[in-house]
Amino acid sequence: MRLHLLALLAKEPAHGYELKQALEQTFGSAYPSPNIGQIYVTLGRLEKDGLVRAVDVEQSNRPNKKVYYLTTKGREILTVWVDEPTEGPRVRDEFFMKLVLAPLTGIADRMALISRQRRHYLGLMSDLNDLLARTEPDDRVAILLIEGAMLHLQADLDWLERCQEDLA
Amino acid sequence: MSVIRTVNLVKIYSGGAVPVPAVRGVDLRVEAGEFVAVMGPSGSGKSTLVHMLGGLDARTSGEIWLDEKRVDTLSESAWALLRRKKIGFVFQFFNLVANMTVADNVELPALLAGAAPKDARERREHLLGALNLADRADSAPGQLSGGEQQRVALARALANQPSVLLADEPTGNLDSRNTRDVLRLLSDVHKEGQTIVMVTHDARVAGLADRLVSLFDGEIVDDGRITRRRTGTAGEVIDLR
Ligand SMILES: Nc1ncnc2c1ncn2[C@@H]1O[C@H](COP(=O)(O)OP(=O)(O)OP(=O)(O)O)[C@@H](O)[C@H]1O
Ligand SMILES: [Mg+2]
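Residue numbers (the working numbering), protein chains in the order written: chain A, 1 to 168; chain B, 1001 to 1241.
If you're looking for bench data, these hints aren't it; they were derived computationally from the structure. Some hints here could point you the wrong way.
To be clear about the criterion: a stretch of chain B counts as covered by chain A if any three or more of its residues have a C-beta under 8 Å from a C-beta of chain A, and this derived list gives those stretches [said to hold, decoys possible]: (1) 1031-1043; (2) 1205-1215.
Away from chain A, derived, C-beta distances all over 10 Å, residues of chain B [what the hints assert, rightly or not]: (3) Phe1093; (4) Asp1202; (5) Gly1232.
A virtual CB, placed ideally from N, CA and C, is assigned to each residue, including glycine.
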């Protein structure tokens, strides 16, 4: 969550609760409901690392609140994060390792492994179908996220079929 | 009650130089209201299997039962009659009647099956509306895109509320928006109790099914339920890291 908070602070200084609201507004239901305690812990660590600075703001008849600013160092880290290419999800595949190594163990035949995995993926797809049906059309970030997950699953299934043709 | 049952169903194409065994001993049972997805690599016999179930291709040996009646022994004309009444078929390469309008293509099967003209029209209007095709009703199939023709074919197959909908890659030509309409319609008719057997490579469509049958080299290599597990918001279901 560190870099997400830095990105929000790059727009304007904010206190913890405002950051929670900003996450909710930006991501809709795509963000796994940000927990306020977790936000404060993360802000504390960012402060310790010198990426943000906290300023106490006095409030009449309430305890002071801390407003957080991005430091120059914080902005540098954020820029590096945004600028560098992001690792794709398919760089490591546990199932593929199982599939290749399975015959050595004598436990399972590849056809059975592939079939079970295919049904598992379709179960996930089914969840995503339900999720898409339940998501409000104006929750656009969430809809894009779901569509992305669906396309990844489709690719996984197509690849499973290739494995079946060549290995099973 | 089983809507479909096959016993050791075999299809060997023997027209060419060497006989091609396309389906090799399939035992399949589909219960009323079930949605079964059929998947498998190209050439594994998926089209051949559903064509046999719809009487569009003669079996080489084995039995086919539809609504507890043996049908593999029927004559071609008896099959034609049965199809009108009980089977909706969507082909991998849609077969629409070229010189009839979209509306008539969809209405005709219901009329042939003996539906009242008013009911047939209402059903047609409902289906074309659900598939976002209402404004194409008076077009000829040739004036439609591949995806539009595919949806008309689906509407036609559902027109007479068949005992079973047999579909071979019904979303092959659709973009994501149109696929969503098709998904919603399939999901709705399935909820209303429509039995469906559907060949598909599209994981979104297969994800609607209750059960997956995997074919490989003309044989069923896997047959089991698709289990759903996770609920929650997008952010909870999909890991953003
Ligand atoms: N009319 C025919 N004459 C001879 N062989 C045929 C005929 N139709 C299909 N086959 C062969 O039967 C096998 C199964 O074909 P089928 O069309 O059922 O495969 P499929 O699983 O539907 O493939 P795809 O995913 O490409 O549609 C293939 O080897 C195919 O070449
Ligand atoms: Mg086919």
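Here's how the hints hold up against the structure:
Check on the segment 1031-1043 of chain B: 4 of its residues sit with their Cβ under 8 Å from a Cβ of chain A, so the three-residue criterion for coverage holds. With 6 residues having a beta carbon nearer than 8 Å to a beta carbon of chain A, the segment 1205-1215 of chain B meets the requirement of three or more and the stated coverage holds. Look at B/Phe1093: its CB is around 21 Å from the nearest CB on chain A, clear of 10 Å, so calling it non-interface holds up. At the 10 Å boundary, the C-beta of B/Asp1202 falls inside the reach of chain A, the nearest C-beta of that chain being 7 Å off.
Interface exclusion of B/Gly1232 from chain A breaks down, the closest Cβ pair being 8 Å apart, not more than 10 Å.
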